[in-house]
Every structure is written in C-alpha cells, then in structure tokens.
Amino acid sequence: MLRSGFDFIGRVTLFGAKALRDAWVPPFEWEYLLKQLYEIGVGSFALVVASGFALGVVMTLHTRSTLVQFGATAEIPVFQSLAFFNEIGPLVAALLMAGRVGAGIGAQLANMRATEQIDAIETLSVNSFKLLVVTRIIACTLMLPLLTTFMDAAGIFGGFLSEHVVSHIGWRLYLERAFDGVVLADFVPPTLKTAVFGYLIATISCYYGYTTNEGSNGVRKAATNSVVVSSLVVILADVILVKCIFFLFPDQAI
Amino acid sequence: MSDNGQTKDDNIAIAFEQVEKGFGGRKILDKVSFSVARGEALCILGRSGTGKSVTLKLMIGLLKADAGKVLVEAEDMASLEEDGLAKVRRKMGYLFQSAALFDSFTLNENLAMPLHRLAPNKSPEEVKRAVEETLREVGLGKDGQKMPNALSGGMQKRAGLARALVLQPQILLVDEPSSGLDRITASEIDSLLMKVKTERHTTMVIVTHDIHGARKIADKFVVLDQGRLLAFGTPEELDKKQDNRLQQFISE
Chain V
1 MLRSGFDFIG RVTLFGAKAL RDAWVPPFEW EYLLKQLYEI GVGSFALVVA
51 SGFALGVVMT LHTRSTLVQF GATAEIPVFQ SLAFFNEIGP LVAALLMAGR
101 VGAGIGAQLA NMRATEQIDA IETLSVNSFK LLVVTRIIAC TLMLPLLTTF
151 MDAAGIFGGF LSEHVVSHIG WRLYLERAFD GVVLADFVPP TLKTAVFGYL
201 IATISCYYGY TTNEGSNGVR KAATNSVVVS SLVVILADVI LVKCIFFLFP
251 DQAI
Chain C
1 MSDNGQTKDD NIAIAFEQVE KGFGGRKILD KVSFSVARGE ALCILGRSGT
51 GKSVTLKLMI GLLKADAGKV LVEAEDMASL EEDGLAKVRR KMGYLFQSAA
101 LFDSFTLNEN LAMPLHRLAP NKSPEEVKRA VEETLREVGL GKDGQKMPNA
151 LSGGMQKRAG LARALVLQPQ ILLVDEPSSG LDRITASEID SLLMKVKTER
201 HTTMVIVTHD IHGARKIADK FVVLDQGRLL AFGTPEELDK KQDNRLQQFI
251 SE
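If you read the protein sequences in the order shown, they are chains V and C.
Per the working numbering, residue 1 is the first one in the first sequence, and the count goes up by one each step.
Per the working numbering, residue 1 is the first one in the second sequence, and the count goes up by one each step.
Bear in mind the hints are in silico, worked out from the structure with no lab data behind them.
Errors might be hidden in some of the hints.
Claimed, not checked - The calculated lysine-lysine pairs, modelled on DSS-like cross-linking and capped at a C-alpha distance of 30 Å, are: (1) V:K130 with C:K197; (2) C:K57 with C:K146; (3) V:K18 with C:K87; (4) C:K87 with C:K122; (5) V:K130 with C:K87.
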C-alpha cells in the first residue's frame, strides 16, 4: 500500500516534470492552448463567480452575528476581504476547478484513450502528450489565479450586498473599509499560489486520463480519481504553501 | 538483411523478422516473418485475438516488439527515438477499426489538424483545398462541417480513410475496414481502397475478416493462427495448398 503510494507519487511527478520540460520545446500548440484557455477559463467563470458571490453573502451573515456582540460590525468588510484574499478565494476556486475541470480532463482524455483517438494523434506524427497534456496543464496554471481574482471580487461584492441590506452601508464606504490596512502582500502571494494548485490539478487529472487503459471503466475511474486525488492534493499543498508564504512574508503570519 | 538492419531489397516497404510480442505472459505473435513490397496490398487474415491488429500497431510503432525486428522503409521501429519515429510515421497513414476521429473536431478540422502541423508551408487556402479534395475523393465532399457523432458508421470509416490519406502516405495501414458495416457499405469501402491502390500506388496492409473483400484487393495474404504465421503468399499460391485449416481462412 505504502509502496504503491510512493510509486504513484513518483510516476505523477515524472509526468508533471515531463510536461514542464516539454512546455518550452517547440513546436508550440498555440491554437489548442487558446482553446483550452477558453474552455477552462471562460467555462468555469460563471461557476466561480456565482460561488464567490454566495459565499460572500453567507460569510457576512455569519460574521455579523458574531461581531455585533462586540460592537465591531465596522470590521466586517476587512474581515471579508482578508478571508477571501488569503484563503477562501484561492482554496474554493481550486476545489471548484478540481471538480469541474479535473473531472472533465480525466474523463475526456480517458475517453480519447479508450476510443484510440490518442493513438490516432500519434499515427499522424503529432506529439499527443504536448497537444493534449501540456496545453491543459498550462491553461489550468494560468487560468486559476485569474479565476481566483474573480472569486475574490464576487465574494466582496456578495458581502457588500448582504451588509447593505442590513445596515444600508454605501459601496464606497464598504470598499474603503474592506481595503483598510490591506497590503499587496495580502493578495498577491495567496493568489499566485493558485498557479501551483492549477498545475497540480491538471497534472493529476491528465495523468489519470492519459495513462488509463481500461476502456469505459477507465473513463469512470479517471474522472473520479481526478477529482478525489487532486482535491486532496490541493488541500495538502495549501498547508505547505501557506507555511512558505509566512516564511517569505513574515508580516502575514502576525 | 544486412547487419545494420537495412533491407538489402530496396523494393521492400515493410519487413517482419522473427517478431515476437506478448501481453501479460500470453504470447500474441510468435516468430512471425513476412515482407510487403512497395505498391503491394497485403491482407492479414486470421481469427479474432491472433494478433492481426497488434501486427499493424507494431508497424506504425504504437507497440514495440519483444523480440525480432519490424522494419519500415528499412528503419528498425524499435530502435527509433521520438523524432525518428515521427519521421517514419509521416510516410504512413492508419485507418483505425473504430475510425478514431477526434470527436471534438469537425471533419474539416480532423483532416486539417495533421496538415497544419506536418505541412507548415501550405497556406490556409491550400490546406482547405487539400481537405476538400480528400473528402470529395471518399464521397464526403458536403460533410466537412459535420461532427463525427453526426455520421453513420460507414461515413466515419470513410472520414477516417480521408484523414489517413490527407498527407498522401506511401504506406496505408487499415484495421478491419468492413467491421460493423453492411455488405454494400463494406463493398464501397473496398472500392475506395482499390482506388487508392491503383491510382496512388500506395503500399497497403489490411487486417480483415472479410475474405470476399480481401480477395478483391490483396496481392498477398498473411494468415495468422494462434500467434504463428500459418501461411504467406499470393492468393493463388495459398489456394493450391492442401491445408484444411488454411482453407478455412481463405475460402469464400
């Protein structure tokens, strides 16, 4: 069990490393990369923004009920923005991507393997790994930070609406309070860490889909494993990356 | 063959030399040897599971032989790196049993995909023209904008053939062209293959169960039985052999 676990980690690591290396070797699949950027980025936009908005509303409702006891409701906006910038935005956007994009990548590549489409690409002298895997990994790595930024914005907007209904606070005042004392280091490192999440989600999902050889059963397994394993890995990686951010930006740890 | 693996006979397009291949301890091909001359059509016959499709996949380098040599245009497929393999594959086309069309692309895109990458000197207009001409050749001139799932089984086979031919390969490998098709559609596919053979002088290796179609197209037969080469020769030569097992495979 332990041995097969390490074996799996080794194979996925080599798979991801090969993708990183091949990403810099021409010919570059620009057209297919743009298609993936669109499918992953634009395709996930509505889900991410709607989730961010709903979370923003709910977060404010919960925070208000606690802070009102201490007469600190004026702090709601900054709590909201810091929570979204530091953790909620990056982690929830990554988990949503693992669910939507990870399952999609795993199932699609496994289906292409089962129906010999990947073999067909190889017989046409086209490098299927670069075309199918490298483009998806790059697209996920680039799009997740962007989607996280939209989730943060939607969360803050949801928080504002929720607060506006109760206290009639204006948009400008809410924003002033939300960004009071917030520095660039509160936003940039946690958002950039999602590029690592995107890389991990795509690598794991592509690995399951691209390497399967079990026909239609492989499609089901690849889709399920892609979501389960990449979600788990994202959460574990978050622990490590937060520690790294605290190490590199000690002010964030206070 | 010479020591460096080069075929002495320049007319040989594909050669199998004592090829062995197994999966999970089960031997699929056992010391199989035969060759295909340029411009020749070879049909591989045999029961299901006797390694016919594996033979094709060894020819195009999707699988590697456990022992022996697979030579394509005098290149040993097992010893080639990625670039060398891609170079040899550019001379080959492959029609899969399931057609294996890219299901997220239209037919036009399916055919244009290899052209964009392997013929970068072609202008977009030239690519478009090549795609249209090839689709017209297989009778799908008006279906370029369709997605693969909108096509019947026979149309998918034709589209797969068009994609295999779009780069004008010297060697065409065809896996079960008539499987899952009715008699008339299968006959149409056979006619297309005959046309490719006579007009383009393409070397062809066809895996099939359809002895009727095979007799129309083939210059030679390879008959596989339980992983071994049962017979290799022209249909006339094999017809003369007094081997009941062989006659079961090659009689209509």
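- Quick check: which numbered hints come out false for this structure? 1
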